Amino acid sequence: MHELSLARDIIETVYQNVPKEEVNRVSSVVIKVGTFSGVVTDSLKFSFQAITSGTELEGAELETIEIPFMLKCNDCNKETTNEIGMMLCSDCGSGNTEIISGGELQIVEVKIQEAEEAA
Amino acid sequence: MDVITIERKVLAKNDAIAEENRKLLKGKKIYTVNIVSSPGSGKTSLVEKTIEKIGSKRKISVIEGDVQTDLDAKRVANYNVPVVQIITNGGCHLEAGLVRDALSGLKIEGTELLIIENVGNLVCPAGYDLGEDLKVVVISVTEGDDKPLKYPKMFMNSEVLVINKTDLLPYVNCKMGELKSNALKINPKLEIFETSCTSGSGINEWCNWLESKIQLEK
Ligand SMILES: Nc1nc2c(ncn2[C@@H]2O[C@H](COP(=O)(O)OP(=O)(O)OP(=O)(O)O)[C@@H](O)[C@H]2O)c(=O)[nH]1
Ligand SMILES: [Mg+2]
Ligand SMILES: [Zn+2]
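Each protein sequence line maps, in turn, to chains G and P.
Using the working numbering, you'd call the opening residue of the first sequence number 127 and step up by one each time.
Using the working numbering, you'd call the opening residue of the second sequence number 3 and step up by one each time.
Rather than coming from a laboratory, the hints here were simulated on the basis of the structure.
Hints may be right or wrong, so weigh each one.
[Said to hold, decoys possible] Cut-off 27 Å, straight-line C-alpha distance, at most; resulting in silico cross-link-like pairs (DSSO-like, lysine-lysine): (1) G:Lys146 <-> P:Lys11; (2) G:Lys198 <-> P:Lys31; (3) P:Lys177 <-> G:Lys198; (4) P:Lys137 <-> G:Lys198; (5) P:Lys152 <-> P:Lys11; (6) P:Lys182 <-> G:Lys158; (7) G:Lys198 <-> P:Lys187.
[What the hints assert, rightly or not] Among the chain G residues that face chain P by a calculated CB cut under 7 Å, a handful are: (8) Asp168; (9) Lys171; (10) Gly180; (11) Leu183; (12) Met213; (13) Ala241.
[Claimed, not checked] Pulled from the structure, derived: some chain G residues nowhere near chain P, Cβ distances all over 12 Å: (14) Asn143; (15) Lys198; (16) Cys202; (17) Met212; (18) Ser220; (19) Gly221; (20) Asn222; (21) Gly229; (22) Glu235.
Keep in mind that this is a model prediction, so the values were computed, not measured.
Think of the CB as a built atom: it goes at the ideal place given N, C-alpha and C, for glycine as much as any other residue.
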């Protein structure tokens, strides 16, 4: 699995976006994970913990927001979802659909404690 | 609590390099195919059959991706086409950066078709754009007809499905109709070819279709 390399990418992005002196106060990194992103959330969290341990980011949590799989049908215009990830409209059966969500793997934001709070 | 908003894809770096690869390849009018499958479904065999069939008319180059060894590149090199082996050293998929490096080691001038054989893995390569025009997923009938339902992302993200080893259908419990209908449930837009790299059956259909795509690139 490649969760380890994804965790590294996430951490690199945190370092690129958070001012140096605030990195040790990062309390959580929030990411969106689509149902069909192909990522195993637990394994990603585990990798994140493993890599950050012993660094300034130690103790920061990887928070995940699960994004459901949603399809938009170009024939009946309905938005539907299904468990198996099929791209057929559950309403009219059409295959003329587009995935509107569920494939995400995106960093949303980083939460940082105030200096006093951390002290 | 301070919040720094980022809103950036985790794979943004890979996607950006993939876009550079795509630009480079488009600029040279090269049609690029990324072949994915579980280990042993017949990716290299399909590459070999494709070269046998259209290699004399179309200039083909190949990038081989494997976790270890350059065995696949050696097989392909027997056909006298430019080939580069990427060894990922444990990596479960190819990334755009690896393909960019491989391209710099390949004489691609004049190439019309670039085939990239990904690491044998039905999960991880799905999320990584390499800069290809076409993603082809290969499945062999020995793997069973339920695979599209078990690995939906790979089938969602591919444009073509090659069902290989059809010569073994009489010996395995895999219903062709079921396999196809499962694949089309996940992705109704899939173009499906049924091949046997052993008997050669279906290779013509696949190659004719591929050639029409190469032609469009010109
Ligand atoms: N019977 C039969 N055997 C096949 C067919 N295609 C490939 N094989 C055999 O299946 C085995 C694996 O084929 P490869 O082409 O090496 O498969 P691959 O997907 O490139 O394998 P990896 O790169 O290791 O993931 C070889 O022994 C092939 O000879 C086919 O259509 N029918
Ligand atoms: Mg191979
Ligand atoms: Zn519909």
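Would you check whether Asp168 of chain G satisfies its interface hint, that is, whether its CB is within less than 7 Å of any CB in chain P? violated (15 Å)
Sort out whether Lys31 of chain P lies within 27 Å of Lys198 of chain G, counting only the CA atoms. This hinted pair is violated, its Cα atoms lying about 34 Å apart.
Keeping to a limit of 27 Å between CA atoms, is the pair of Lys137 of chain P and Lys198 of chain G held or broken? holds (23 Å)
Just double-check Asn222 of chain G for me: nearest Cβ-Cβ distance to chain P has to come out over 12 Å. violated (8 Å)
CA of Lys182 of chain P to CA of Lys158 of chain G, is that 27 Å or under? violated (32 Å)
Would you assess whether Gly229 of chain G, listed as outside the interface, keeps its beta-carbon beyond 12 Å of every beta-carbon in chain P? It is violated; Gly229 of chain G is separated from chain P by about 8 Å at its closest Cβ, not greater than 12 Å.
Can the restraint linking Lys177 of chain P and Lys198 of chain G be considered satisfied, given a maximum Cα separation of 27 Å? violated (31 Å)
Once the shortest beta carbon distance from Leu183 of chain G to chain P is found, is it less than 7 Å? Violated: closest Cβ of chain P sits about 14 Å from Leu183 of chain G, beyond 7 Å.
Confirm or reject: Cys202 of chain G is not an interface residue toward chain P, with every Cβ-Cβ distance exceeding 12 Å. Holds: least Cβ distance 15 Å, greater than 12 Å.
Minimum beta-carbon distance criterion (7 Å), Met213 of chain G to chain P: Since chain P brings a Cβ to about 5 Å from Met213 of chain G, closer than 7 Å, the hint holds.
At 12 Å, judged by beta carbons, does Gly221 of chain G keep clear of chain P as stated? violated (3 Å)
What's the verdict on Lys152 of chain P and Lys11 of chain P, does the C-alpha distance respect the 27 Å limit or exceed it? Cα-Cα ~25 Å, so holds.
Hints 2, 3, 6, 8, 9, 10, 11, 13, 14, 17, 18, 19, 20, 21 and 22 from the list above are not met by this structure, while the remaining hints are.
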